[in-house]
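Between the sequences and the hints, there should be enough to build the whole structure, so can you do that?
Protein chains: 2
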Amino acid sequence: MSHPEATIPVPDLAHGSINKELLAEAQLGKWGDIRKQARAMAAKPELHKAEGATMAEQRARVFEQLGILVEAQSVHRAFPKQFGGEDNHGGNIAAFEELVIADPSLQIKAGVQWGLFGSAVLHLGTQSHHERWLPGIMSLEIPGAFAMTETGHGSDVASIATTATYDVDAQEFVINTPHRAAWKDYLGNAAIHGKAAVLFAQLITKGVNHGVHAFYIDIRDAEGNFLPGIGGEDDGLKGGLNGIDNGRLHFSNVRIPRDHLLNRYGSVDEDGTYSSPIESPGRRFFTMLGTLVQGRVSLDGAAVTASKMGLAIAITYANQRRQFNASSDTHEEVLMDYQRHQRRLIPRLAQAMAAGFAHEVLLEKFDEVFSGAHDTDEDRQDLETLAAALKPLSTWGALDILQECREACGGSGFLGENRMTSLRADLDVYVTFEGDNNVLLQLVAKRLLSDYAAEFRNLDAGVLARFMVRRAESLVINRSGLRQLGQTVIDSGSEKRSANFLKEERSQRELLTLRVQDMIANVADDMRAAAKLPQAEAAAVFNEHQDDLIAAARSHAELLQWEAFTKAISTIDDKTTRQVMTWLRDVFGLTVIEKNLSWYLMNGHLSMQRARTLTPYINRLLTRLRPHLQDIVDSWGFTDDHLRASIASGAEATRQDQAAEYARKMRASADAPIEEKVLLNRRRAERKASEKGTVKA
Amino acid sequence: MSHPEATIPVPDLAHGSINKELLAEAQLGKWGDIRKQARAMAAKPELHKAEGATMAEQRARVFEQLGILVEAQSVHRAFPKQFGGEDNHGGNIAAFEELVIADPSLQIKAGVQWGLFGSAVLHLGTQSHHERWLPGIMSLEIPGAFAMTETGHGSDVASIATTATYDVDAQEFVINTPHRAAWKDYLGNAAIHGKAAVLFAQLITKGVNHGVHAFYIDIRDAEGNFLPGIGGEDDGLKGGLNGIDNGRLHFSNVRIPRDHLLNRYGSVDEDGTYSSPIESPGRRFFTMLGTLVQGRVSLDGAAVTASKMGLAIAITYANQRRQFNASSDTHEEVLMDYQRHQRRLIPRLAQAMAAGFAHEVLLEKFDEVFSGAHDTDEDRQDLETLAAALKPLSTWGALDILQECREACGGSGFLGENRMTSLRADLDVYVTFEGDNNVLLQLVAKRLLSDYAAEFRNLDAGVLARFMVRRAESLVINRSGLRQLGQTVIDSGSEKRSANFLKEERSQRELLTLRVQDMIANVADDMRAAAKLPQAEAAAVFNEHQDDLIAAARSHAELLQWEAFTKAISTIDDKTTRQVMTWLRDVFGLTVIEKNLSWYLMNGHLSMQRARTLTPYINRLLTRLRPHLQDIVDSWGFTDDHLRASIASGAEATRQDQAAEYARKMRASADAPIEEKVLLNRRRAERKASEKGTVKA
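Taken in order, these protein sequences are the chains called A and B. Take the first sequence: its letters are residues 1 to 697, numbered as in the UniProt record's numbering. Take the second sequence: its letters are residues 1 to 697, numbered as in the UniProt record's numbering.
No lab work stands behind these hints: they were computed from the structure. Check before you lean on any hint, since a few could be wrong.
Which copy is meant is left open, so a pair is good if it fits within one copy or across any two.
Capping the alpha-carbon separation at 20 Å, the derived lysine to aspartate or glutamate pairs in EDC-like fashion look like this [stated by the list, open to error]: (1) K206 to D671; (2) K36 to E71; (3) K30 to D87; (4) K206 to E675; (5) K595 to D547.
It should be emphasised that the depicted structure is a prediction, and the values quoted were computed from it without experimental measurement.
Structural data, given as C-alpha cells:
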C-alpha cells in the first residue's frame, strides 16, 4: 500500500525498524500460502461488495459470486477428496475467512452453502447422503438453507419445536411446524435461492421424542416455488449482510423419505426402531452440534481480518492527517501524535494482534480435531470451549475497533468511500449469530466451573477442607491488604521498580491468571452451597452470579489471547521486531489489567503504588510504539484493492503536501495578507514604543 | 403502545406502581405541548424513513418531506415574528428533536436548511439580509448549504483556507479555493438541492486577513447547474443519513457583491475599511461560532430520544421473550429476569433518563440566551460549555444504547423491521459532526482548567501557597489510605452501613464532584509548571495530560447529568414514583462511580470495604427496579407509529402465548410423545426395582 509520508518527520527509531516480512510470516500462520491465494482472490473487483446497491441487486450479485468461487475451486478444500475436495479443514477456513475482505455477505453466504448446509450433510450424514447430495451442493446446483434456528428458539436449540414424526406405514417422516414461534427463521438462502435445506427437528418415533436431529429436505421446485406444505417469508432488509436472502420457513405435514434422516448419530429402522452410537441423549445432541463449530472458528478469524482493515485505514490516515497547531505557529500536528489518538488506536491494535495470534491457535486445534489427528471427546470439548471463548472477544472487538477507527477519521470515516461503516454494519450480526456472545461466554464459564469442581472430585474430604482453609486464609491476606503491603515494601516507593514489575511477562501472566481463578473459585464456593437447594432457588443463586461468570469467561479468553501473543513473539527471529511486539503485547496485557484495576485492588493482587504506575507506564509504551505503527499495519499486507478506502490511499498526504506548499509560498510572499491579530500586536507595540518615546522626550 | 404481558407473572410491586402520567410530565419539560404536537407529526407515515430505498430515492423523499414540514408550519418557530416565525428558540428545538422519530435524515436535512443555513443568515446577517433571504429560506424556495467545513479542516474552523478578498474597484468579494484541502466538504444540500450557501472564508481587505467570516452566495442556477467558477462533487453513499445529499464545493474567482457579507459582527466599507463591534479577533470569531450552538443542543436532545426508542423496544421485548428454563421444567425464563440482561439494559435506561433531564436544563439555558432573557458573555460561554459537555455523552450514549439494545434482541434485533440498526447507523455521525466529541470534551476541560485558575487569580501569593500546602497534605492523606481507614472505622465491617453511605445523595454528589476537582487540580498543577516552557514543550506537557483532561470533562458532564436527574426527581409529586426514580438515579450515579472505581481507590476517596459493597448494591437495585421497567419506558409515550418495531408490537407475547398453550396441551395429552431422557430414567428405575425384587425373591 502506498502511504507517502513526505510531510511527516522521520520517526526517531532509536532501536531500528521492525522486520515487516518476518512479522507478516508470524501472522500468516500455518496456512499462509492458502491465505495469500485467498487474498489475491479477494482483491478481484468482481467479488467486491456493491456499496449502495439495493437489497435485490446485492442478493443477485452475491449469488453470482458464489459461482465465481466454485469456478475458481476456492471453496471445496474441506470436502472429501472423493468428491474433488482436499480434506483440508484448517486451510479451508483460512481461505474462507479472507472472503470478508471482498464482501462479508459473500463470506457468510458461502458459509451458509458450504460451511453450514454442506457441512451438515458431510458431518451429520453418511456415505449414501454424501454421494447423493455433496456433488450438487459443491457445484451450487443445490443451493441450500441451514434450517435450525426458529423464531422462538435461537440460543436454546434443544427446545426447537418443529417435529419430524416417523410414519411406519409410509416409511416417511412427517414434518410439522406446530405454531408461529416454531417457524424457522433468519436462514440464509431461505428467502429466494434455497432449493433444499438441512432441517433440524424433534425426531419422534414409536411415541418417543429422541430430540433434535437433522433431515435433508427439498423446499423449492425447479421454478423456485415452494413445494406443497411448505411456506415462508422473506426476513427483508437487515442492518447489514444484505447480499444474503435470509428468510423464514414453515411446514405442514410435509413428508420426506426415511433415508433423508442424516443418520450418523441416530437412525430409524424401517419398523421405526431408533438407534444411536451415542447412548446419552444429551451427549448425542452436543456431539451433533459440535460438528458445526467451524462457523464460530471462521467468524473469529474474519473478525480479526476486518479489525485489521479498520486499523490499517485509520492508522495510515492518522499518520498523514494534521489538525491544530498547539506546538508551532506554522505546522499542524499529525493526528497520531496526540495522546488521545494513541490511546484510542494503539490498545486496539494490540487487541487485534492478540486476537489474530489466538485465532491461529484455535484454527490449528480445529484442524487437529477435524482431520482426525487428535479427535478425542476431550479434544472436541476443548475446541468448542476455545471457540466459545475467542469468538465473542474478536467479534465484539471488531465492532468496537471499526467504530473507533471510523470516529478517529472524523467525518471522512462516515463516508461510504472509506469503507469502515459498511464493514461495521455487516459485521454487526457476528456478535449474536453462530452462538450469541453472552451465551457462549456463559458456556465457557460453566466449563471453567466444572473443571474447577473436577480438580477436587477425587480428593478426600480432609484435603478439600484443608484447601478451603488455605483459600479462606489467602482471601483474608489479600483483602486485608497484607499482600499489597508486601508489594509496597518491595517497591519501596520506586516508580521504576513498580513499572519493572508490570512489564515482567511473569507478572502479567500471574495477574491475568489470578483473576480467572479467583472469580471462578468465588462463584464455585457459592454454587456448592446452592447445590442442595430446590431447582428454582439454585437457579436464582446461579443467576445472581451470571454477570460475574461472564466476566470471568471473558478474562479467561483474554488470558488465552495474551498467551498466544506471547508465544508468537518467541517465534520471531529478529531482535527489534521482538522488542516492539513485546511492547505491544505489554500494552495488550496491561490495558486488560487496567480495565479491571479496581478488582485487582479490592482483591489485594496489586498494591496502590503499582496500580498508580500502571496508566503512566502504558502511556509511555504508546509513545515508544508510535514510530512503528505504520510498519505494523503494513505488515498485514493489505493492498488498495483490499482496503478500498480513499483516505488510506495516500490522497490525504497529497492534500497535506499541497496545503503546506501553499502556506510556505504565502509566508515567503511579500503580497500575502497580514493577520489582523499580528497587525494589532504590531500596532500595540508601536504605540507603546511611541509613548515611551514621548515620555523620554 | 400495546404490550400484552399475558404470560408474564404480575410483578411483585411491594411499593405500588409508579405514576406514569406524572413521570411523563416530568420528562416532557417546559415545551411539553410543542413536543407532543411534534410527536403527532412524527407519527405520520409520509414523514417516515423509507428503509431500504436507494440513496437517490431517499434524497428525493426527504426533500419532499421538507415541503410537508413547511406546509405544516412545523419548522419556523425560531424565526422572527416579522417573517411568520414565533421568536421561540427553545420550543423550536424541542419540536425539531422529535423529527428523529420519523427519520434522522429528515431531522438533519431540516437542521441544515433552517438550523444552520437559515440560522446563519438570521444570527450573522443584519436586517437587510433577513428581508432579502429569510422568506425564501423559510419557504424552501432557496434550499441552501452551510459551507464551513473543508476537507482539510473540520474541528479547527479558524484554519479554513477559502479566501474572500475584497476588490475595492468592483466593490465585490472574490472567493477562492487555494488547494484541494480547502474544498468545502460534507455539506448537506451541496450535492444536489442547494441553490445558495452561507460560505465561511478568510476575509481579506486592504492586505489584512480579518479571519473567518460568513458570506451569502448563490451556487446554482434555476436549472440546478453550478454558477460560473463553482464546482463540486457528491460525497456519495454514507454510513447513514442517506436522505441527505452531502457534497463538496470549490470556488475559482467567484465574485459576490459587497453586501453579501453577513455583517453583524464585521463589516467592510465601500473603500475596503474593516470594522467590527468586537475588537478582539479571537473573541469575535468565537462569538460568531457561538451563534451556531443550537446544532449541538438539538443533537443532544435527538440522541436522548433515539436512545429511549431503542430501550423501549428492547425492554418491551425482554419482558415478553423467553429462553432457557433453568428454574423450571416447564416454563422458560423471561429475558428481563436474567441478571446479565438487567445489567445490560437498566444502567443504560438510567443513563438515558439522566441525559434527558440534563438536556432539558441545556434547552432552557439555550432559550434564555437566545431569547435575550439572560444573554451576557458569561451566559453564552456557560451555554457553550454545557452543550460541549452534554452532546458527547448523549450521542456516544445513543450509539452504545442502540447497539446493546439490538444485541439484547438477538437476531431479531438485526432485522430492519425492528428498526434499531437503522437508527444506529443514522445516529453514528452525531458523535463527530457539529463538533467532534473528543474535541468538544477537550474544550470543556480547558474551560474547567481556566475556571480553576481563575479561582486563584485574585489571591495573593501567600494564600496560594497555603492552599498548595493544604492540597499537598490532602493528597498525602488520601493516598496514604488514612482517609479510607476512616471510612472503614465508621462502617466497622458492616456491609449495610457501606451501602447506606453509597445510597446517600450527599455521598454520590461528593464522590462525583471530587473526581472532577481532583483531576483538574492535578493537571493544573502540572500545567502551571509548564507555563514558562517554550511553546512546543508546553504543548507536549499538555498532550501528556490529554487523555486525563478528556476523562475529567466526561466526569464533569456526568456530574451535570446526575444533578439534573436529582433535581427532576424532586419535582415529581408522587412518593412511589420518586422512590423508583431515586433507585434509578442511584443506579446512574453508582455505575458511573463503579466505572471509575480504581481511581476512587487509588486516590483514597473510597475504602476497600465501601468499594466492595458497590457492585452487589447496584445489583440489588436492579432487581428492585425490574418490576417497574415497563412502566418507565411506557412513560415515554411512544406509539407503534413511533417505534415501528415488530418485536415491540406485542407479536412476541402472542407467539409466546401460542407456544405455551401448545406445550400445555401436549402435557395434558395422552398421545404426546415421551422424551427419550424421561424414558431412559423410567427404564433405569424399573430395572433397579426389578433387580431389587429379584434379590428380595
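Cross-check of the supplied hints:
Taking CA atoms no more than 20 Å apart as the test, K206 paired with D671 passes between copies only; the shortest distance there is 11 Å, against 98 Å inside one copy. With identical chains, the CA atoms of K36 and E71 are at most 20 Å apart within one copy only, with a shortest distance of 18 Å there and 59 Å across copies. Taking identical chains as interchangeable, the C-alpha atoms of K30 and D87 lie at most 20 Å apart only when both belong to the same chain, with a minimum of 16 Å there against 70 Å between chains. With identical chains, the CA atoms of K206 and E675 are at most 20 Å apart between copies only, with a shortest distance of 11 Å across copies and 93 Å within one.
Taking the shortest Cα distances, K595 and D547 sit within 20 Å of each other both inside one copy (16 Å) and across copies (15 Å).
Figure legend: structure checked against the earlier numbered hints; every hint is met.
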